[in-house]
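K.L.:
Here is what each chain is made of, one letter per residue.
2 protein chains.
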Amino acid sequence: MRGVVMYAPGDVRVEERTDPTIVEPTDAVIRVTASCVCGSDLHPYRGVEPLGEHPQPMGHEYVGVVTEIGDQVSTVKVGDFVVGSFWASDNTCDICRTGYQSHCVHRVLMGTIGTQAEYARIPLADGTLVATPGQPEADLVPHLLAASDVLGTGWFAAVAAEAGPGKTVVVVGDGAVGLLGILAAKQLGAERIIAMSRHADRQALARHFGATDIVEERGNDGVAKIKELTDGLGAHSVIEAVGTQESMNQAIRATRPGGHVGFVGVSHDVSLEGGELFMSGVHLHGGPAPVRQFLPDLIQLIWDRKIDPGTVFDLTLPLDQADEAYRAMDERRATKVMLTA
Amino acid sequence: MRGVVMYAPGDVRVEERTDPTIVEPTDAVIRVTASCVCGSDLHPYRGVEPLGEHPQPMGHEYVGVVTEIGDQVSTVKVGDFVVGSFWASDNTCDICRTGYQSHCVHRVLMGTIGTQAEYARIPLADGTLVATPGQPEADLVPHLLAASDVLGTGWFAAVAAEAGPGKTVVVVGDGAVGLLGILAAKQLGAERIIAMSRHADRQALARHFGATDIVEERGNDGVAKIKELTDGLGAHSVIEAVGTQESMNQAIRATRPGGHVGFVGVSHDVSLEGGELFMSGVHLHGGPAPVRQFLPDLIQLIWDRKIDPGTVFDLTLPLDQADEAYRAMDERRATKVMLTA
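For the record, the sequence lines run as chains A and B.
Read in the numbering used here, the first sequence has 263 at position 263, and its numbers run on one by one without any break.
Read in the numbering used here, the second sequence has 143 at position 143, and its numbers run on one by one without any break.
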């Protein structure tokens, strides 16, 4: 089969790889209908993070059709259209049962397997995959694919930030995750949603997903603007979807005492000063999103056409043009690129 | 009147100071029945924190009898026995109304006024002071005094750590706040309470307040021991009551993914690595405790003799011997010293 591998920063190729097979009786194999390039895939592409192995199979977001299942798989069957998370999880351990499947004691990072490919082996299929109510119409595929990571991650950030009725929610970061954090906050009933963005196209998407206000200022100027909009107090809920020192400081400082920061941007060289965090009085929660917790509900919302998270895909390319997909995202010509089989 | 002032690290004196009077119509003046020395008072005493002014009036914990009230004070009257928090708060602003009185938009730090004295001015008396149901019997005074800070702070830590039924709670720090965090976790219904302590006398107090297990190891050895006691997962709830880099790391690492860290040790030179916090999946919340939120309930529990937090006072001295009180705590001859008028 054909699959994407990264040889070195900037060097992404599509080449022939071994067809995946059932290794463990809890595995499934899927024919990948669509996958995509994640902001975190750009970290090794830009050389800011080392490659796990060399060459590294790429990709951890996926939807597809089950082609084979192991002897112990019982909740999905051959032919099912499925969505899975970027962490494979058993969904039965003590950690999974509290909703933290991304920290499952048996978790497997799908990025080590690579779903930017024609086929993929999915470990712990029963705990990882969720079948859609039937075969989806073609226009639903991007939305279902978004649920696999960016929507699930934005949703977790909004839940961690305790977005809800009566709340003012600030979203730091206008990438796909931040934009879908806006969608999530809106669905969760937030009263006011302030998107921090200085790009016209993303501001338009932010408003499409439910943002009521846009703040273009960044850093402490951005914080001052948020304070100005919230009677000097700061927001109740802040979603952090970047992962830099500046964005974390901005998120914490824009939150009122007793408020909640949900941080899902993968941290790079971030250090939080204890004294400032202590005096801030905020709640801080985040990390790799337990997307599996939210998948059944998110799939239903998409199936019922109540949300359209796939709108974040502004470029679709065939798998064989993965190198161009990475370039387009790296050069910010695209927010999020879908790869089709 | 007589009051405690600090001239320099190690130099605490009791001297004649101006009698406090009503300055704002929302003030009250109290005759201090008892005050005490806080772990945080030792920071300037040891020179690890600069003095606010020079000489600095000391003390922020207090119980006493109202001797005078301003024109706008309506919830306490002359003669009432009152307990107040170490932050004066209006208890009406948007932040107070969510239970974060320690971040009140009009807050005043009592430590800048100094309650280790015969009398003290209490700003925002209506929002700060809570009257007891009547004049307390003498043996209740230490317990009521504890509510002013160490009990309220330990209680907040337990609430922030979401201690409750079915939970395993770890307490990092065996000072007065940590010990009363144990009492709080017990009252909140925690199933198992693991105290981290290597001092026999404090271990005994920890068990008295409700600890079910003692762990003597510290740092990563301590974390390994907690993992061993919790099926390799870590605790649901961890109270951090020290404020050092080691104690914060220990607290975060001893918590399971999705669990809660309540941190109330005043941070000194603490820096949290973003990547580790991200991957930990814990909830982090803490800071200066909104004691005022809990005071009515804590006073009632004490009045009904259901809790005995004043047991943490292992030395009582008259105000005039404040220098010896500081020395005894600094040299760890006492856990917590009460000063009486």
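Heads up, some of the hints might be wrong.
Which copy is meant is left open, so a pair is good if it fits within one copy or across any two.
Dumping the calculated SDA-like pairs for lysine to any residue here, alpha-carbon to alpha-carbon at most 25 Å [as the list claims (entries may be wrong)]:
no., residue 1, residue 2
1, K225, D94
2, K225, R97
3, K227, D314
4, K186, E228
5, K227, D94
6, K227, H106
7, K306, R198
8, K77, V48
9, K306, E331
10, K306, C93
11, K77, D320
12, K306, P133
13, K306, F278
14, K227, G275
15, K225, V105
16, K186, R46
17, K306, L109
18, K77, R46
19, K227, R97
20, K225, A138
21, K227, V108
22, K77, P25
23, K227, L317
FYI, nobody ran anything at the bench for these hints, they're computed from the structure.
K.L.:
Go through the copies and call it for K306 and L109: within, between, both or neither, with a Cα cutoff of 25 Å.
P.N.:
The answer is neither: 30 Å in one copy and 50 Å across copies each exceed 25 Å.
K.L.:
If the cutoff is 25 Å on CA atoms, where do K186 and E228 land: within, between, both or neither? Let me know, please.
P.N.:
Close inside one copy (22 Å), not across copies (42 Å); limit 25 Å.
K.L.:
Is it within, between, both, or neither for K225 and A138, if the alpha carbons may be no more than 25 Å apart?
P.N.:
Result: close neither inside a copy nor across copies, 42 Å intra and 53 Å inter.
K.L.:
Between the shortest in-copy and the shortest cross-copy C-alpha distance, which are at most 25 Å for K227 and D94: within, between, both, or neither?
P.N.:
Intra 40 Å, inter 14 Å, cutoff 25 Å: inter-copy only.
K.L.:
At most 25 Å between alpha carbons: which applies to K306 and P133, within, between, both or neither?
P.N.:
Answer is within: at 15 Å inside a copy they meet the 25 Å cutoff, but 55 Å across does not.
K.L.:
For the identical chains here, do K77 and D320 meet the 25 Å Cα criterion within one copy, between copies, both, or neither?
P.N.:
Intra 28 Å, inter 80 Å, cutoff 25 Å: neither.
K.L.:
State whether the alpha carbon distance between K227 and D314 is at most 25 Å within one copy, between copies, both, or neither.
P.N.:
neither (33 Å within a copy, 46 Å between copies)
K.L.:
For K306 vs R198, is the C-alpha pair at or below 25 Å within one copy, between two copies, both, or neither?
P.N.:
For K306 and R198, neither the intra-copy (28 Å) nor the inter-copy (57 Å) Cα distance is at most 25 Å.
K.L.:
Since the copies are identical, ignore which copy is meant and state whether K227 and R97 lie within 25 Å (CA to CA) inside a copy, between copies, both or neither.
P.N.:
between (38 Å within a copy, 19 Å between copies)
K.L.:
Checking K227 and G275: alpha-carbon separation at most 25 Å within a copy, between copies, both or neither?
P.N.:
Answer is within; shortest intra-copy Cα gap is 21 Å, inter-copy 28 Å.
K.L.:
As a check of your reading, is K225 near D94 (CA-CA no more than 25 Å) within one copy, between copies, both or neither?
P.N.:
between (42 Å within a copy, 19 Å between copies)
K.L.:
Should K225 paired with R97 be assigned to within, between, both, or neither, using CA atoms and 25 Å as the limit?
P.N.:
Intra 40 Å, inter 24 Å, cutoff 25 Å: inter-copy only.
Comparing the model with each earlier hint shows violations of hints 3, 7, 8, 9, 10, 11, 13, 16, 17, 18, 20 and 23; every other hint is respected.
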